[in-house]
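Position chain F against the provided structure of chain B, taking the given hints into account.
From first to last, the protein sequence lines stand for chains B and F.
Each step along the first sequence adds one to the number in the numbering used here, with nothing skipped, and position 182 is 247.
Each step along the second sequence adds one to the number in the numbering used here, with nothing skipped, and position 133 is 248.
Keep in mind that the hints were calculated from the coordinates and are not lab data.
Cβ coordinates follow ideal geometry from the N, Cα and C atoms, glycine included.
Be aware that a few hints might be false.
Stated by the list, open to error - Sample of chain B residues with no beta-carbon within 12 Å of chain F, all distances over it, derived:
no., residue
1, Ala107
2, Glu114
3, His147
4, Gly192
5, Ser229
6, Leu245
7, Ile258
8, Val299
9, Pro310
10, Arg351
11, Leu371
Stated by the list, open to error - Label-pair restraints from in silico Cβ distances:
no., chain 1, residue 1, chain 2, residue 2, range
12, F, Ala251, B, Arg194, 41 to 47 Å
13, F, Pro323, B, Arg112, 51 to 57 Å
14, F, Ser383, B, Thr246, 25 to 31 Å
These are the residues of each chain, in order.
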Amino acid sequence: MFTFVTQRLLQSTAVLFAVSVAVFLAVYAVGNPVDLLISPEATQAERAEMIARYGLDRPVWSQYLTFLGNALQGDLGTSFVHGEPALSLILSRVPATFELVVSALLIASVIGIPVGLWVGLNDGSFGSRAVMTGSIMGYSIPSFWKGMVLILVFAVWLNWLPASGRGETVEIFGVPFSFLTVDGLRHMAMPVINLAIPNIALMIRLTAAGASEAARQDYVKFARAKGVSNTRIVRRHILRNILIPIVTVLGVEFGSLIAFSTITETVFAWPGMGKLLITSIYQLDRPVVVAYVMLVTFIFVTVNLLVDFAYAALDPRVKLSERMS
Amino acid sequence: MTDTTQTPPRRAPIADTPQRRAMLKRLKHKPSVKGSLIALFLIVTIGLTLPFFAPQNPYDLASFSVMDNRLPPGSESFDGTKFLLGTDQQGRDMLSAIFYGLRVSLMVGLISTGLALMIGVCVGLVAAVMGGRTEAMLMRLVDFILGFPTILVALVLLAMIGRGVDKVILAIVVVQWANYARIMRSAALSERRKEYVEAAFNLGFAKPRVMFRHIMPNSLNAVLVVATVQIASAITLEATLSFLGVGVPVTEPSLGLLVASGFDYLMSGDYWISLYPGVALLVLIFSLNLVGDRLRTALDPKRS
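The following block holds chain B by itself, in its conformation from the complex (with noise of 0.2 Å):
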């Protein structure tokens, strides 16, 4: 185990050091940094004392050591637009995307394996073989025009739920939260169905997937032929076989809904960090930008890390190498 735990936490910190190289070389080497990094509207004086600060005027490497220096202690500039550090210009965003993902999540995983699970067990039959077509046109739908044509029906057409912003928060330690009062669910309901919809569908054929080859299996068949029960089958034999996949998905998923949620956040006007790194760009903040690559990767880094620790809780084989050994 403890080799197992090393050897991730090093290919992690590879990938993270990978991607801060790729990041340097496009904002500092194929782009002018100077251009990149300071302010188009900075006097001569800012710029001279910028040129020095990041160290503009040295060889690349060096710049390079200096910009993983500042990363390392959290520093990776300062936004133009807010004059606040980048870091904590996104931090400050990250619940209200947290909110949005951990519900989506939930709500697929609270849909989709029961409604997978059945479809599996029913393979072939005329219900399954429609949840599986229809779940394909759950992927297929572009996800900003699905949340306009939410906001079409809902907003305008009902006039039943509010088109954008969090509405109400309640704090908790500090931080704003939306789903502990009435008019932030109602602002919440249209982007959560918005970022789940696709990952409903993906989780109903993931489990679909599994369980109809679970239950082709003769460890399946053998339980049968003992007498188990149906339900007690489904339980231990089926789910808990297919629940390793599942749970490795629903972890790479949370990084990609984070990244996904941009979209969604900038049809409903939701002040996450995905609306965050939209606006940065239109207005070419680019330390806000780097900040968010760095911080998102940090993240993707972080789950995909714990996704492996909890597959190896998970899957008996793992078990029982460590009790032999």
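Here is chain F on its own, set in the frame of chain B:
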């Protein structure tokens, strides 16, 4: 698996085999596949030919008038032109705009998929045939790229290099080639072990010749199935990037950009500017995904 007692196939055995005929027959009789193929055929035909017959040229500023702006579907202008799907904020006929938009979306989707396919297939082949350190390095790169969500990589890349049709294509190629490389490598690895490849090597053929004339044609099937789905995801990606404002330029509106341009008028109830281009996009993507899904099921050895 292939019968090894036969003479090794020199060229691609994509020829008629009973399995292949049975598979195609199964596919052809599925109504969903038939429907999707018809829809795809119509869309491609419209995208390629109809711009010439469209009621209006949306790129020609003289052919429409701001006087006709935001007319609901079915209304007529002063000179009697009928707007079946309404007009946008500049008075352009939406139907014509959709035809032209389809063309841009299809072009970006097909070109980027084609390029990504070529790069991915070559990388996968090289990795499988060379092995060793080359393979390890290439595959680490593939893992690295596939580790990130496509939208994030493309978005950040375009934020750095700016918008434009060529740049969107570049961004899609960057995020997609790795998919093909991974699949190609595993397909090519299993072909490599077969006797006809060994025979070709023993005959003294050069590596590139064996790679491209023997291994590649035999392992292309899996890659091509994935390509159907990848065209759909390339089109979605382009639409999304254009919607977010980092994709194609306003002078060449794709379907995604058309949807975006109607977003501002959605709240006032002028739904048609966003709704219809989105429907066209959805039909296109759904048909591609459906065909891809059925192809995959048909080719899955566990199912047949």
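Status of each hint after checking the structure:
no. : hint                              : result
1   : Ala107                            : 20 Å, holds
2   : Glu114                            : 25 Å, holds
3   : His147                            : 17 Å, holds
4   : Gly192                            : 16 Å, holds
5   : Ser229                            : 9 Å, violated
6   : Leu245                            : 28 Å, holds
7   : Ile258                            : 17 Å, holds
8   : Val299                            : 21 Å, holds
9   : Pro310                            : 16 Å, holds
10  : Arg351                            : 8 Å, violated
11  : Leu371                            : 15 Å, holds
12  : Ala251(F) - Arg194(B): 41 to 47 Å : 42 Å, holds
13  : Pro323(F) - Arg112(B): 51 to 57 Å : 52 Å, holds
14  : Ser383(F) - Thr246(B): 25 to 31 Å : 29 Å, holds
Hint check: violations occur at hints 5, 10; the rest are consistent with the structure.
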